[in-house]
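Residue numbers (the working numbering): 9 to 211.
It is possible that some hints are incorrect.
[As the list claims (entries may be wrong)] Cβ pair distances, simulated, as ranges:
| # | residue 1 | residue 2 | range |
| --- | --- | --- | --- |
| 1 | P72 | E102 | 44 to 50 Å |
| 2 | M174 | S71 | 51 to 57 Å |
| 3 | P72 | M174 | 54 to 60 Å |
| 4 | P68 | K96 | 26 to 32 Å |
| 5 | Q88 | H123 | 33 to 39 Å |
Please keep in mind that the hints were generated in silico from the structure rather than gathered at the bench. Ideal Cβ placement from N, Cα and C applies to all residues, glycine included.
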Amino acid sequence: MRRRGRVPPPTKTQHRINEQIRVRQVRVIDESGEQLGIMETRAALELAHEKDLDLVLVGPTASPPVAKLLDYGKWRYEQQQAEKEARKKAKRQEMKSIKFRVKIDEHDYQTKLGHVRRFLEAGHKVKVTIMFRGREMAHPELGKKILDRVAEDLSEIAVVEMKPLMAGRDMNMVLAPIPPEKRAKKPEAEASEPPAETKAAEA
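Sequences are here, hints too, so could you generate the full structure?
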């Protein structure tokens with residue numbers, strides 16, 4: 009059996025375990041997830057020691073509090089790994105930028121739209137900017153029209169996180185990717201009727 013020395017007091021981010029649990033009774037869940045019912049805390053601790061496990065208070069606000077039998081060291085390690093992976097995933101998301109001109113031609117528009125699409129597919133947010141020059145500043149609606157088109161063309165994979173907004177000579181919009189599992193599925197094409205000539209040939 010593992011030796012259980014003096015248990016230090018828990019920090020704000022830790023659970024109370026073993027002798028740190030001061031309540032008289034707890035509702036116990038065993039290591040396989042089975043409900044063992046309400047037990048005296050002392051009896052629950054003895055059961056945990058018999059199984060070489062820890063008694064961990066996982067539901068301190070319940071009445072009575074909920075405690076679970078588990079290997080706290082292993083469980084905490086798995087939690088920390090999951091938190092670490094979540095932080096790494098958050099860091100991988102960057103804010104990319106793509107700039108459009110008001111008088112952009114269709115070929116350049118499609119090229120830049122492809123860049124925005126690739127950034128979104130990679131999980132990044134994208135700031136789309138319309139740059140105004142000279143007299144173009146008198147027609148902000150032209151820039152908004154382009155941004156609205158971008159948002160519409162990418163609506164199946166992105167949502168508008170920040171609506172078009174003027175900032176000096178630029179108009180900016182931010183698109184955020186929709187997670188793949190939450191994207192609307194395209195309806196499957198209905199089976200079309202075979203051409204008349206094929207039907208005639210089969211007759």
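Has the hinted range 51 to 57 Å been met by the Cβ atoms of M174 and S71? Since M174 and S71 have Cβ atoms about 55 Å apart, the given range 51 to 57 Å holds.
- Message: Assuming the hint says 26 to 32 Å, is it satisfied by the Cβ distance from P68 to K96 or not?
- Response: holds, 30 Å
Is 54 to 60 Å respected by the C-beta to C-beta distance linking P72 and M174? holds, 59 Å
task: With 44 to 50 Å as the target window, see if P72 and E102 comply at their CB atoms.
output: For P72 and E102 the Cβ distance comes to about 47 Å; the hint holds.
**Q.** H123 and Q88 - C-beta distance against the hinted 33 to 39 Å
**A.** The hinted range 33 to 39 Å holds for Q88 and H123, with Cβ atoms some 37 Å apart.
Consistency with the previously given hints is maintained throughout, with no hint failing.
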